[in-house]
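Just so you know, the sequences run in chain order A and B. If you count the first sequence from 1, you need to add 619 to reach our numbering. If you count the second sequence from 1, you need to add 5 to reach our numbering.
Simulated from the structure, these hints should not be mistaken for laboratory data. C-beta atoms are modelled at their ideal positions from N, C-alpha and C, and glycine is treated no differently. Among the hints, a few may not be true.
Derived coverage of chain A by chain B (criterion: at least 3 residues anywhere in the stretch with Cβ under 8 Å from a Cβ of chain B; other residues may be distant) [to be verified]: (1) 631-638; (2) 648-655.
One side only, chain B facing chain A, incomplete, derived with CB under 10 Å [to be verified]: (3) I11; (4) F16; (5) I23; (6) I27; (7) G28; (8) M30; (9) L33; (10) L47; (11) L54; (12) G66; (13) Q69; (14) V70; (15) A79; (16) I89; (17) D103; (18) N106.
Result set (BS3-like, lysine-lysine): computed pairs, CA atoms no more than 25 Å apart in a straight line [as the list claims (entries may be wrong)]: (19) K747/A to K98/B; (20) K780/A to K98/B; (21) K98/B to K781/A; (22) K107/B to K781/A; (23) K709/A to K643/A; (24) K728/A to K98/B; (25) K698/A to K643/A; (26) K704/A to K643/A; (27) K709/A to K698/A; (28) K728/A to K107/B; (29) K643/A to K98/B; (30) K704/A to K98/B; (31) K698/A to K98/B.
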Amino acid sequence: MTTYLFYFLAFVSIFCALMVIFAKNPVHSVLYLVLTFFAIAGQYVLLNAQFLAAVHIIVYAGAIMVLFLFVIMLLNLNKETEPHKNIWIKLAAVISGGALMVVLVATLKGSETIQAASQFRPNIGLVKNLGQVLFSQFLLPFELSSILFLAAMVGAVMLGKKEIN
Amino acid sequence: MSAIQIIPLNFYILLSAILFSIGVMGVLLRRNAIIIFMSIELMLNAVNLLLVSFSSYHSDGAGQVFVFFIMAVAAAEVSVGLAILVMIYRNTKTTDIDFLNKLKG
Chain A
620 MTTYLFYFLA
630 FVSIFCALMV
640 IFAKNPVHSV
650 LYLVLTFFAI
660 AGQYVLLNAQ
670 FLAAVHIIVY
680 AGAIMVLFLF
690 VIMLLNLNKE
700 TEPHKNIWIK
710 LAAVISGGAL
720 MVVLVATLKG
730 SETIQAASQF
740 RPNIGLVKNL
750 GQVLFSQFLL
760 PFELSSILFL
770 AAMVGAVMLG
780 KKEIN
Chain B
6 MSAIQIIPLN
16 FYILLSAILF
26 SIGVMGVLLR
36 RNAIIIFMSI
46 ELMLNAVNLL
56 LVSFSSYHSD
66 GAGQVFVFFI
76 MAVAAAEVSV
86 GLAILVMIYR
96 NTKTTDIDFL
106 NKLKG
């Protein structure tokens, strides 16, 4: 059952990721990317990372993709405004991306199968454990990320406001 | 029965590699700057999936905390990047990266 679920989620994520880069309409690309993120969240649940699955759906599918969709609708981009490339450049892009994939897969093919650690703990991804790690070992990066958010917010507001003549 | 005991780690590494390659392909293939941003998000998510799977297979919570930080940085990056793109669009009326080659050396 779990194996089939893994294959199904992997197929959905790969198919939707391909549709993201091949869809002509930018709005369709955004919607396929949301589907890809849901499939990846399913993989997180399979991997016993329930907290990250919830955060992933909230942050990516809920916040970032809505931002993308909002900007695409604000700029009124659609199929007609989409710039189209030379067919040879497209072919070169697909070939070089495929070559990278072949190299990665060939590198991983020779690696030995890794099984789960012997002292396997299934509750590692719950909020309690992650919170303990986050607020003990990683307290300084956590506080620094708040400063990063403040800087990003100020920067976005400054970039987005209209010029005063 | 969880996936960790049934599915070997190699499958997750393979899935991450495929998703990352699709992201690279999207950056090379598309001309629209917003779609290129979305392909970068795809690559970040491939790496996130890899970190979560390694963290789960080794029963170590630090990898999942790293994913949390990557999400935070990605959210900040997207907000600033989209603000820059909206400003560029206001001035030039396009998001075509072949037109936006002002920074080329």
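>> Are any of the numbered hints broken by this structure? If so, which, sorted upward?
In response: 18, 19, 24 and 28
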